[in-house]
Amino acid sequence: MTDVSWQDRRPDSSQDASKQDRASLENILIMLNGFRRGTLEDKYVIICTRPGEEWRVGQVCTDPTSPIKLLEGHMYASIEAAEQAISHLRR
Amino acid sequence: MTVPDRPLLRFVESFSLQAMIWPTTPGKGVQGLLTRWSASNNAGYGLFVDENGCIALWLGNGTGQTEKVSTGKPLLSRCWYFVGASFDAATGMVRVYQEPIVTATNGRFSVPSPLEDTTASVERSTQVRLTANNEVPFIMAGYVERAESGRSIIGGLYNGKIDRPRVANRALSRERMAILVDNPSAEDLVGAWDFAEGIIASTRIVDKSPNRLHGETVNRPARAMTGYNWMSEEQTFTHAPEQYGAIHFHDDDLEDARWEVDFEFTIPDNMKSAIYAMRLRAGDDEDYIPFYVRPRTGMTRARIAFLAPTASYMAYANDHLTTNSSIAQLLIARTPVMQAQDLYLAEHREYGLSTYDTHADGSGVCYSSRLRPILNMRPKYRHWLSPSLWQFNADLHLIDWLYQMGYEFDIITDQDLHFEGVDLLKPYKVVLTGSHPEYYSGPMLDALEAHVHTGGRIMYMGANGFYWIIAYNPENPNVMEVRKWGGSQAWRAQPGEYHLSFTGELGGLWRNRNRAPQKLVGTGFVAEGFDVSSYYRRKPDSSDPRASWIFEGIGQDELIGNFGLVGGGAAGLELDIYDTELGTPPDALLLASSEGHTDIYLEVVEELFFNAPGLGGTQNPRVRADMVYFMTPNGGAVFSTSSIAWCGSLSHNNYDNNVSRITNQVLKRFMSDEPLPGQKRAPVAAGVQGKTV
Chain P
1 MTDVSWQDRR PDSSQDASKQ DRASLENILI MLNGFRRGTL EDKYVIICTR
51 PGEEWRVGQV CTDPTSPIKL LEGHMYASIE AAEQAISHLR R
Chain W
1 MTVPDRPLLR FVESFSLQAM IWPTTPGKGV QGLLTRWSAS NNAGYGLFVD
51 ENGCIALWLG NGTGQTEKVS TGKPLLSRCW YFVGASFDAA TGMVRVYQEP
101 IVTATNGRFS VPSPLEDTTA SVERSTQVRL TANNEVPFIM AGYVERAESG
151 RSIIGGLYNG KIDRPRVANR ALSRERMAIL VDNPSAEDLV GAWDFAEGII
201 ASTRIVDKSP NRLHGETVNR PARAMTGYNW MSEEQTFTHA PEQYGAIHFH
251 DDDLEDARWE VDFEFTIPDN MKSAIYAMRL RAGDDEDYIP FYVRPRTGMT
301 RARIAFLAPT ASYMAYANDH LTTNSSIAQL LIARTPVMQA QDLYLAEHRE
351 YGLSTYDTHA DGSGVCYSSR LRPILNMRPK YRHWLSPSLW QFNADLHLID
401 WLYQMGYEFD IITDQDLHFE GVDLLKPYKV VLTGSHPEYY SGPMLDALEA
451 HVHTGGRIMY MGANGFYWII AYNPENPNVM EVRKWGGSQA WRAQPGEYHL
501 SFTGELGGLW RNRNRAPQKL VGTGFVAEGF DVSSYYRRKP DSSDPRASWI
551 FEGIGQDELI GNFGLVGGGA AGLELDIYDT ELGTPPDALL LASSEGHTDI
601 YLEVVEELFF NAPGLGGTQN PRVRADMVYF MTPNGGAVFS TSSIAWCGSL
651 SHNNYDNNVS RITNQVLKRF MSDEPLPGQK RAPVAAGVQG KTV
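Chains as they are written, first to last, in my numbering: chain P, 1 to 91; chain W, 1 to 693.
Note that these hints are calculated values from the structure, not bench results.
Remember, predicted model here, so these are calculated numbers, not experimental data.
For glycine and all other residues, C-beta sits at the position ideal for the given N, C-alpha and C.
A hint or two may mislead.
[Stated by the list, open to error] Label-pair restraints from in silico Cβ distances:
| # | chain 1 | residue 1 | chain 2 | residue 2 | range |
| --- | --- | --- | --- | --- | --- |
| 1 | P | Glu-53 | W | Glu-234 | 40 to 46 Å |
| 2 | W | Thr-297 | P | Ala-81 | 31 to 37 Å |
| 3 | P | Leu-71 | W | Gln-127 | 56 to 62 Å |
[Stated by the list, open to error] Counterexamples of contact, computed for chain W against chain P with all Cβ distances above 10 Å:
| # | residue |
| --- | --- |
| 4 | Asp-88 |
| 5 | Pro-137 |
| 6 | His-214 |
| 7 | Thr-323 |
| 8 | Arg-334 |
| 9 | Pro-336 |
| 10 | Asp-531 |
| 11 | Val-605 |
[What the hints assert, rightly or not] Selected chain W positions facing chain P (in silico; Cβ < 8 Å):
| # | residue |
| --- | --- |
| 12 | Leu-213 |
| 13 | Thr-335 |
| 14 | Val-337 |
| 15 | Met-338 |
| 16 | Ala-346 |
| 17 | Glu-347 |
| 18 | Lys-380 |
| 19 | Asn-653 |
| 20 | Asn-657 |
Only chain P is shown next, with the shape it has when bound in the complex:
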């Protein structure tokens, strides 16, 4: 565990609102990331939404009350098909 703190990353009051939003976003990402620096770009997951029948592609995102975002339209009949779709998303 690093000694990175929330305090260190609080947005500076001189920053504009959008920058503050981004700073908050980064705080959450760092928290989700085990308090290690760096964002979670390209961190996709597959979610089994109907056992044995349906898998969807999701992305680990930034809202702690909704940390997984299901991507619209990415619904597949097998894990393999979902994996293939993710490989396209990463290009």
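Mind docking chain W on chain P? Use the hints.
Just chain W now, kept in the frame of chain P:
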């Protein structure tokens, strides 16, 4: 932490509050430190970390008048502070203090700097006067948000440590407060709580003042934490309790969900020992609550016991690894596949954390409780880490096989073993472990060793077993504790916090206390990877007359377990190795070893001295599972598969395969009264030693 409402704490005149604190998320928002504050009507008093991350004293009369006096200087995280405040009713003067206490060893900094930006002493007069019409408890690390169903709902949960909290019924000077930190005086103080007393197991918090305003911790905040005065020369609270006067509070601690009871089920007298589940249905939704029925004491008839690794299930309970860990995908070399339960847990952190998680402030989770819904130890749940199943569900592979083969067996659990010891095992000829019995308490390890040394037989059906040192809480066995350091770990305990608060013993790995798993079962953790599994190949020892019976019907060059439900092979996920340096008995037979592992499999960190290229499975000969067999005095024996994936291969080809055959041949021989081939001593009842053939 709560102290029941008492007249002594209902100040209407002067008072003072003080503590040493080590905040971990000062920027989170309002957090209560020492409060008797009712947020529903803004009544009472309290010392807070305010919305700007500064220390503040709040006063409220409950009729609309409030005063909030802040230092105006943000706290630094993970830095010790003296914080205090006083209110003088005669003059209306409020004073608030905030001073960093930095030593070479007590926090993240040791700079010889005045830290002026975070040091403050402010004073302001107020017209607000307190009233006695506020009947809420005295809370530490939060404040009373509202009352609901007769319970106080606590808000403003504080993240961080508190040490040496004191309350006085007069306005103390800063100098007097400084003296009271370590010399609490009955003359001044209403309450002086000592968090170093009663650390072991207890939820009780002792007030050292004559008023005895004892309190209770709620939801198991971390005890045995280093205090503001920790000097690093002592490493445990049992040696220097005065340096362990801190409790680390987390806003996501959970010991008991305290759900209301919906139904109860009385186990019928004739219910067979087995694993059962209560099926719940609501519309189209379905869930299962598993439970074990163990044999009645003195009524055991089976020769086989399955020892359910429930401590390990608790360690992984409700883990958030795939949402929180950036390396999830790297560990498994594919995109993680999550289940509905994972999504739900990700959004509902109130179900509590696993010992693989960190709290919201980044500190490791050292306690896990089963007094809460545990969604990932349920039938039909697939864990993202395994290509198939993990822990509870993976062990159902073995349970299924035992039923399919027609074996009679009892089920006992880790908790039973911890509290009953070797006596629990005595009735059985053979004890089977689960696929990943990773978390072991001292009494559990002692019991298994005593079993083997007194003629008992063990089939170790997995890998990475007997690894972490844990303790069950002596007062509440529904809670276990682990301190992670020195091994392959999801977090690392802070310096000085390696010892278990439940027992005082050193935590970490058993191998670091010279009790490596090799001593008990011949093999111990060496490598892990979670992509695809592999197979074993026989070794010369498998033809030894003492062990050749294990391989009857299996060709010399036949690959063992090149099939299975867990990654397509019987050797996979986590692997154990034969190692005489770590205690594999000298006469242990190395029957077979796995090979052909991918570079996703890496040797574990506790085996390494330096990182170096070539540690992956394609280049490192130590990345392998070693199947081992040895006999012990008095007719005992141990057979170890050394792979978590083994049990996933048992059902292949309608249970007709060489993994099933080997397991069957060992189990049949182990459960019989006949001496094992080459065994010098006959099997006898456990606990009776010295009989010879």
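Outcome of the hint check:
no., hint, verdict
1, P:Glu-53 x W:Glu-234: 40 to 46 Å, "59 Å, violated"
2, W:Thr-297 x P:Ala-81: 31 to 37 Å, "53 Å, violated"
3, P:Leu-71 x W:Gln-127: 56 to 62 Å, "58 Å, holds"
4, Asp-88, "32 Å, holds"
5, Pro-137, "28 Å, holds"
6, His-214, "33 Å, holds"
7, Thr-323, "5 Å, violated"
8, Arg-334, "7 Å, violated"
9, Pro-336, "5 Å, violated"
10, Asp-531, "13 Å, holds"
11, Val-605, "15 Å, holds"
12, Leu-213, "33 Å, violated"
13, Thr-335, "5 Å, holds"
14, Val-337, "5 Å, holds"
15, Met-338, "5 Å, holds"
16, Ala-346, "5 Å, holds"
17, Glu-347, "6 Å, holds"
18, Lys-380, "7 Å, holds"
19, Asn-653, "22 Å, violated"
20, Asn-657, "24 Å, violated"
Hint check: violations occur at hints 1, 2, 7, 8, 9, 12, 19, 20; the rest are consistent with the structure.
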